[in-house]
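Asker: In case you want the letters, here they are:
There are 2 protein chains.
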Amino acid sequence: MQNEKKDKNKRTIAYVEEVFRQIQEKPDVTDIMILNSKGNPIKTTMEMSAAIQYAGLYEILRDKVTMGLQKIDPKDDITMLRVRTTTNETLIVPDGKITVVAIQKARDRYHNE
Amino acid sequence: MQNEKKDKNKRTIAYVEEVFRQIQEKPDVTDIMILNSKGNPIKTTMEMSAAIQYAGLYEILRDKVTMGLQKIDPKDDITMLRVRTTTNETLIVPDGKITVVAIQKARDRYHNE
Numbered sequence: 001m002q003n004e005k006k007d008k009n010k011r012t013i014a015y016v017e018e019v020f021r022q023i024q025e026k027p028d029v030t031d032i033m034i035l036n037s038k039g040n041p042i043k044t045t046m047e048m049s050a051a052i053q054y055a056g057l058y059e060i061l062r063d064k065v066t067m068g069l070q071k072i073d074p075k076d077d078i079t080m081l082r083v084r085t086t087t088n089e090t091l092i093v094p095d096g097k098i099t100v101v102a103i104q105k106a107r108d109r110y111h112n113e
Numbered sequence: 001m002q003n004e005k006k007d008k009n010k011r012t013i014a015y016v017e018e019v020f021r022q023i024q025e026k027p028d029v030t031d032i033m034i035l036n037s038k039g040n041p042i043k044t045t046m047e048m049s050a051a052i053q054y055a056g057l058y059e060i061l062r063d064k065v066t067m068g069l070q071k072i073d074p075k076d077d078i079t080m081l082r083v084r085t086t087t088n089e090t091l092i093v094p095d096g097k098i099t100v101v102a103i104q105k106a107r108d109r110y111h112n113e
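Going down the list, the protein sequences come from chains A and B. One point on numbering: in full-length UniProt numbering, the residue at position 70 of the first sequence is 70, and numbering is uninterrupted. One point on numbering: in full-length UniProt numbering, the residue at position 9 of the second sequence is 9, and numbering is uninterrupted.
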């Protein structure tokens with residue numbers, strides 16, 4: 001795996017472990033998933049069957065948004081993608097060759113309260 | 001247009017105008033776009049060529065996320081989708097038959113500062 005030319009943003013196992021640990025410390029996070037460059041989960045708190053199901057969706061989303069942005073402004077980069085539902089909020093962060101996904105409980109601060 | 005059966009969440013022109021006005025009051029918002037159920041921009045601050053380009057992307061995103069969530073948890077609903085780039089953040093809110101899109105300046109509160 002010495003193709004360093006393409007791997008400016010290579011992420012080591014130690015890096016992945018550290019990211020995972022830092023996210024786990026956040027109080028509202030219920031699940032974490034880290035995907036490799038092929039979109040496969042390499043570390044996660046989920047059961048494998050759920051992880052694979054989610055991973056497919058995240059990867060499609062990351063790709064669609066990246067391609068869309070490429071058309072609109074090729075100089076801009078995605079830093080975070082959030083999907084908020086009634087029960088939770090999913091944060092998808094493209095980080096070099098990996099994608100970091102964190103799922104946290106939804107807090108309705110923007111609703112009428 | 002009296003197909004009320006399907007139109008539980010029908011949005012009137014007055015509703016659209018009011019949503020638009022409320023978003024325009026937010027200080028960091030640079031652009032607003034409201035899409036109808038077909039994904040076409042019905043009211044926007046953008047130039048039409050840009051609006052159409054963006055609208056296509058938002059509609060794809062809304063559809064992908066909705067379909068994905070449907071598979072994962074059919075009882076859950078999307079309340080907001082956010083795409084953050086280095087220069088701005090786009091908020092996409094499915095609201096019944098319309099989709100409300102607001103683009104605001106990115107604030108780097110989650111970065112190292």
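Keep in mind the hints are simulated off the structure, nothing from the lab. Treat the hints loosely; a few may be bogus.
Identical copies go unnamed one by one, so any copy, or any two together, can satisfy a pair.
Said to hold, decoys possible - 20 Å max Cα-Cα, derived SDA-like pairs, lysine to any residue:
{"hint": "1", "residue 1": "LYS64", "residue 2": "ILE13"}
{"hint": "2", "residue 1": "LYS43", "residue 2": "LYS71"}
{"hint": "3", "residue 1": "LYS97", "residue 2": "GLY68"}
{"hint": "4", "residue 1": "LYS105", "residue 2": "LEU91"}
{"hint": "5", "residue 1": "LYS38", "residue 2": "GLN22"}
{"hint": "6", "residue 1": "LYS97", "residue 2": "THR30"}
{"hint": "7", "residue 1": "LYS105", "residue 2": "ASN40"}
{"hint": "8", "residue 1": "LYS43", "residue 2": "THR87"}
{"hint": "9", "residue 1": "LYS64", "residue 2": "ILE78"}
Asker: Against the structure, test the hints numbered earlier, and report the numbers of the ones violated in rising order.
Answerer: 1, 2, 5, 6, 7 and 8
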